[in-house]
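Visitor: Knowing the structure of chain A, use the given hints to seat chains B and C on it.
So the chains spell out like this:
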Amino acid sequence: MSTQTGVDAAGRAPVAARTLRTDRWWLQPAITVAVFVAFIIYSTIRAFANTAYYAAPYISPFYSPCLATNCIPGTGELHLVGSWWQLSPALLVLVFPLGFRFTCYYYRKAYFRSFWLSPPACAVPEPHRSYSGETRFPLIVNNAHRYFFYAGLVLNVILTYDAILGFRDAQGHWGHMGLGTLVLLTNATLLWLYSLSCHSCRHIVGGRLKHFSKHPVRYRAWTFVSRLNPRHMQFAWVSLVWVALTDAYVALVASGTFTDPRFF
Amino acid sequence: MSYDAHLRVWRGDAEGGELVDFTVEVNEGEVVLDIIHRLQATQAPDLAVRWNCKAGKCGSCSAEVNGRPRLMCMTRMNTFAAGEPISITPMRAFPVIRDLVTDVSFNYTKARAVPAFSPPPDLAPGEYRMSQVDVERSQEFRKCIECFLCQDTCHVVRDHEENKPAFAGPRFLMRIAELDMHPLDALDRKRQAQDDFGLGMCNITKCCTEVCPEHIKITDNALIPMKERVVDRKYDPLVWLGSKILRRS
Amino acid sequence: MSDLERHSYDIVVIGAGGAGLRAAIEAREHGLRTAIICKSLFGKAHTVMAEGGIAASMGNVNSKDSWQVHFRDTLRGGKFLNNPRMAELHAKEAPQRVWELETYGALFDRTPDGRISQRNFGGHEYPRLAHVGDRTGLELIRTLQQKIVSLQQDDERELGDAQARLRVFSELTVTELLKDGDAIAGAFGYWRESGRFVQFEAPAVVLATGGIGKSFKVTSNSWEYTGDGHALALRAGATLINMEFVQFHPTGMVWPPSVKGILVTESVRGDGGVLRNSEGKRFMFEYVPEVFRAQYAASEAEADRWYDDPENNLRPPELLPRDEVARAINSEVKAGRGSPHGGVFLDVSTRLPADEIRRRLPSMYHQFKELADVDITAEPMEVGPTAHYVMGGVEVDADTAACVVPGLFAAGEVAGGMHGSNRLGGNSLSDLLVFGRRAGAGAAAYVEGLGERRPTSREQDVRAAEQDALAPFRPPGEDGSVENPYTVHTDLQQVMNDLVGIIRREGEIVEALERLGLLRERARRAGVEGHRQFNPGWHLALDLRNMLDVSQCVARAALERRESRGGHTREDHPAMDPTWRGVNLVCAQDSPGGPISLRRQPVPTIHPDLLALFDRAELAKYLTPQELA
Chain A
21 MSTQTGVDAA
31 GRAPVAARTL
41 RTDRWWLQPA
51 ITVAVFVAFI
61 IYSTIRAFAN
71 TAYYAAPYIS
81 PFYSPCLATN
91 CIPGTGELHL
101 VGSWWQLSPA
111 LLVLVFPLGF
121 RFTCYYYRKA
131 YFRSFWLSPP
141 ACAVPEPHRS
151 YSGETRFPLI
161 VNNAHRYFFY
171 AGLVLNVILT
181 YDAILGFRDA
191 QGHWGHMGLG
201 TLVLLTNATL
211 LWLYSLSCHS
221 CRHIVGGRLK
231 HFSKHPVRYR
241 AWTFVSRLNP
251 RHMQFAWVSL
261 VWVALTDAYV
271 ALVASGTFTD
281 PRFF
Chain B
8 MSYDAHLRVW
18 RGDAEGGELV
28 DFTVEVNEGE
38 VVLDIIHRLQ
48 ATQAPDLAVR
58 WNCKAGKCGS
68 CSAEVNGRPR
78 LMCMTRMNTF
88 AAGEPISITP
98 MRAFPVIRDL
108 VTDVSFNYTK
118 ARAVPAFSPP
128 PDLAPGEYRM
138 SQVDVERSQE
148 FRKCIECFLC
158 QDTCHVVRDH
168 EENKPAFAGP
178 RFLMRIAELD
188 MHPLDALDRK
198 RQAQDDFGLG
208 MCNITKCCTE
218 VCPEHIKITD
228 NALIPMKERV
238 VDRKYDPLVW
248 LGSKILRRS
Chain C
22 MSDLERHSYD
32 IVVIGAGGAG
42 LRAAIEAREH
52 GLRTAIICKS
62 LFGKAHTVMA
72 EGGIAASMGN
82 VNSKDSWQVH
92 FRDTLRGGKF
102 LNNPRMAELH
112 AKEAPQRVWE
122 LETYGALFDR
132 TPDGRISQRN
142 FGGHEYPRLA
152 HVGDRTGLEL
162 IRTLQQKIVS
172 LQQDDERELG
182 DAQARLRVFS
192 ELTVTELLKD
202 GDAIAGAFGY
212 WRESGRFVQF
222 EAPAVVLATG
232 GIGKSFKVTS
242 NSWEYTGDGH
252 ALALRAGATL
262 INMEFVQFHP
272 TGMVWPPSVK
282 GILVTESVRG
292 DGGVLRNSEG
302 KRFMFEYVPE
312 VFRAQYAASE
322 AEADRWYDDP
332 ENNLRPPELL
342 PRDEVARAIN
352 SEVKAGRGSP
362 HGGVFLDVST
372 RLPADEIRRR
382 LPSMYHQFKE
392 LADVDITAEP
402 MEVGPTAHYV
412 MGGVEVDADT
422 AACVVPGLFA
432 AGEVAGGMHG
442 SNRLGGNSLS
452 DLLVFGRRAG
462 AGAAAYVEGL
472 GERRPTSREQ
482 DVRAAEQDAL
492 APFRPPGEDG
502 SVENPYTVHT
512 DLQQVMNDLV
522 GIIRREGEIV
532 EALERLGLLR
542 ERARRAGVEG
552 HRQFNPGWHL
562 ALDLRNMLDV
572 SQCVARAALE
582 RRESRGGHTR
592 EDHPAMDPTW
602 RGVNLVCAQD
612 SPGGPISLRR
622 QPVPTIHPDL
632 LALFDRAELA
642 KYLTPQELA
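Residue numbers (the working numbering), protein chains in the order written: chain A, 21 to 284; chain B, 8 to 256; chain C, 22 to 650.
So here's chain A without its partners, still in its complex pose (with noise of 0.2 Å):
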């Protein structure tokens, strides 16, 4: 139903479809509903599983770093949380990446054009009566994105090094590769990629400035940084696809259906 406001609203050229497109404008928003719930079902349940998340020397993304003392032993020292905390471990980290996604101005497209309708595909109208976008609570919190953009690099940094750890057999030895490690190391990257591509990233290495002549080092940064931005879209799908894969491969890994193939 659109509303009297919209397209409808008096002066306008009336017109009686809803929309003229004829192309398949609503097959772009379908696809990210599906992978999207299908993402959050996933997620959800691994995260509240709190089991099969470690398989020397690999951890789950989604509970590294473990920071509750509840975690299994070999997960890391670094028990922020006390042992009061006894849901899952998961949950103390995942809710950083998220806050991440959710205010990344490319998730914020993804989620407001099919999630919300608003609006469904271009020229499409949407169904709301009134509209504020993020001027006000809760949305005006996405303009903090680089807040979670500081909180994924220090989780870049840590899955970097559990990448790494892969190098080392399961008793602690280095000069050991499986398959493990090439989709930690994989994950890892993609996640680098994803973060700076971002455009919290590009504003803070140098797009914050008004003459790039006089910081000629921040200008390069920003000109990197400007080159990985247009493909921020496709990290962040192919980022977040690997993260359930990396998830799901630990998982079988640590539940014993699938034995990691050793390259030496």
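Simulated from the structure, these hints should not be mistaken for lab results.
It cannot be assumed that every hint is accurate.
Some chain B residues flagged as far from chain A (calculated, every beta-carbon gap over 10 Å) [to be verified]: (1) N34; (2) R83; (3) G90; (4) P102; (5) P126; (6) G249.
To give an idea of the interface, some chain B residues facing chain A are shown, with a C-beta separation under 10 Å as derived from the structure [unchecked claim]: (7) M8; (8) P76; (9) C215.
Below, a list of computed lysine-lysine pairs in the DSBU-like style, where the Cα atoms sit at most 30 Å apart [stated by the list, open to error]: (10) K390/C <-> K150/B; (11) K355/C <-> K302/C; (12) K390/C <-> K224/B.
The beta carbon of each residue, even a glycine, is placed where N, CA and C say it ideally should be.
Guide: Positioned in the frame of chain A, the structure of chains B and C alone reads:
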């Protein structure tokens, strides 16, 4: 190579109107505007349409073809199947005047609200020095041909007439970004962008970028950088604290 | 007359392109209440189509450049028929006008030291064109538009009304100038949107309406270029000069039909593009005229070396002046060696790597890709001459832009004299700025000089203008025949294109004049359907009269000038004749509604100091022995 196309052209005025069916000859290589001109010359001499250069440089012939905001002069007929009916309507975010012509004065009102370029007062003509790397960002935005397709497609005003007073639209938020990035502009335009021109209403769904015939990356290069600059000024406690401390020292 | 809307201003500027906006800014800065009238929306003027740049001898790239060199280039380009005072003022003031744009917010491309970058262009001795990529015209129009807005913001702050001293009337067409005796008293027109009539009371009118290209079938000009200002001036008693000189750009698109005439920039040839006929031959070598033999390569090998080493090789003949190249293409097509769609091949695909083409010619790459489905990195373009610019226009005083009619001023393409018989690329944008400003100042001085005694228009003139404007709604047609204005327009374009086009012959021009007479009759019977609200058929019917008046001047002058020079080529008089060098042909309508007359008038003499900028051998090619002595 010529064939007859089935056109559905919106005809009417502020009082009302409807899609009217026409059958018009189409020849090889023609664009939608050619077909509209043939319609004028042969069947509907009083069909109202705006156009000027017919080369995608002036931004006059904005309309909606099959529901998508487009320049008629840059929409080739061979992008449609020969038998497929093609609908052509005026831009739907603005009041219609007649047929394909709309009242775009909203845009000129907004243009007049954006504070003008404000150079340093002591700089004489001929003494301006700017580096190419410093002007490039604003130059991209100055490619704008003011076809107002971004304004037309932006759901903030397209779907909500009541937002028009508070929201300048992508074209003029981009103009603010252009001035904010101008190496010699002396005004600070960040609070203004958020408080007076409604940057916070933008939910970056990128339709403006999608329809831009000049392929300006409006969202990525103007709106989001401007949002980030607003965060610096309004929402980032660290930047705020830093600027306070630096100013004191 | 309840239907009539009345406004009173100090100065009315007709036209909102570069010249009109610059004139309005100047008038407003003199404190005068100024109206800007534009036929289309504000900011859509034809100026946006200019690609190359603004010629101004700032010397940012080569410090040897000076106004004297620019003046010399301009006179050579115009084959010494230019109004020398205009060319002098233009060369002297262009740099100031460009720098001024920066204070309005323009962002030109920069040199490494941060100044305005300047590029090479045909006919300019040094890199001289200030530019923004290949969209300089857009930058110019947007900058002036934004300056107007900023002046309106000042007025808003100061007077509480943004439109107190500067108001833009967009989508309003002026159909008649109003007079009080000899002097201008205002203008009459209609809103395109509503069809409502408007009367402006104003002691001064600045014409800045641009050119006449829409009288030709193949043109790079937009629909607005119907010669309104030329015709308004003519009917108001002003004089037009040099109307025989129409510049045909050699390379316009010829296919598909929808884009026929759209410009293919000169830079394509500058960057290595070559012209070939259907036999694959680089035919330009056959067409180097005797006077240019010493400056152009005779073999392909030498021509190809020039791109890398211009110091030691002669330039390729593809880079001859526009008129020479246009004539050559025309001859090839006539000889049956044209491309499938009636042009010749312009090929850059075999000359440069694909990436390089995309980098150097981005807008041409997209233009052909999007409009013609041609990938210029892989196949040749088809090009042919296209009507581009009219050198002729309203005769004006160089310093004040005043016409012979008191209170009437003209600047930009509608004014004549500045470019002589042929305009150099880049000189039009600077012309707009220099003489736009001078017209604004000239009009302001005239209005200030009037004091309280302002001319007033007569009620019966307004009523007559109304009746004329309404004529297409009740065409006379005793036999009941009504003409379709679109058909008349198409026929007019065909006549001008075929008979008074790029190559002219006496017999054909005579025939054109006869046909123009018949077309005038048909135009009188042009009738339209519907009502006055945004009715394009009506608008065209009214524009037809202007196009016919102007076309007649072009044809009359073309018949009279029995030589070939710049934008006027007579097959029956192929040589340039020094005795004609000193002659301006003046077109006038001596009584309102009366016949159009043509008379000869001497070209203003060149000041000896300026003549001294040339060497005698060169002058001997242009001037008569008496003038040289």
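Visitor: Classify the label on N34/B as holds or violated, using whether its beta-carbon is more than 10 Å from each beta-carbon of chain A.
Guide: holds, 23 Å
Visitor: Is it the case that P126/B keeps its Cβ farther than 10 Å from each residue Cβ in chain A?
Guide: holds, 14 Å
Visitor: Does M8/B pass the interface check with chain A, least Cβ-Cβ distance below 10 Å?
Guide: With a closest approach of 24 Å, the M8/B hint is violated.
Visitor: Once the closest CB in chain A is found, is it more than 10 Å from G249/B?
Guide: Non-interface label on G249/B holds, nearest chain A Cβ at 12 Å vs cutoff 10 Å.
Visitor: When you look at the beta carbon of G90/B, is every beta carbon of chain A farther off than 10 Å?
Guide: holds, 13 Å
Visitor: Given C215/B as an interface hint, is the shortest Cβ-Cβ distance to chain A below 10 Å?
Guide: Cβ of C215/B sits 9 Å from chain A, so the hint holds.
Visitor: Below or equal to 30 Å on CA atoms is what counts here, so check K355/C against K302/C.
Guide: Answer holds: K355/C to K302/C is near 16 Å, not above 30 Å.
Visitor: Non-interface claim for R83/B: all C-beta distances to chain A beyond 10 Å?
Guide: R83/B is indeed farther than 10 Å from all Cβ atoms of chain A, at 16 Å.
Visitor: Verify the interface restraint on P76/B: the C-beta must sit less than 10 Å from at least one C-beta of chain A.
Guide: For P76/B, the interface hint holds, since the closest Cβ of chain A sits about 6 Å away, which is under 10 Å.
Visitor: Since P102/B was said not to touch the interface, does its Cβ keep a gap of more than 10 Å from each Cβ of chain A?
Guide: violated, 4 Å
Visitor: Between the alpha carbons of K390/C and K150/B, is the straight-line distance 30 Å or under?
Guide: holds, 19 Å
Visitor: Against the 30 Å threshold, does the CA-CA distance of K390/C and K224/B hold or violate the hint?
Guide: holds, 20 Å
Consistency with the previously given hints fails for numbers 4, 7, ordered from lowest to highest.
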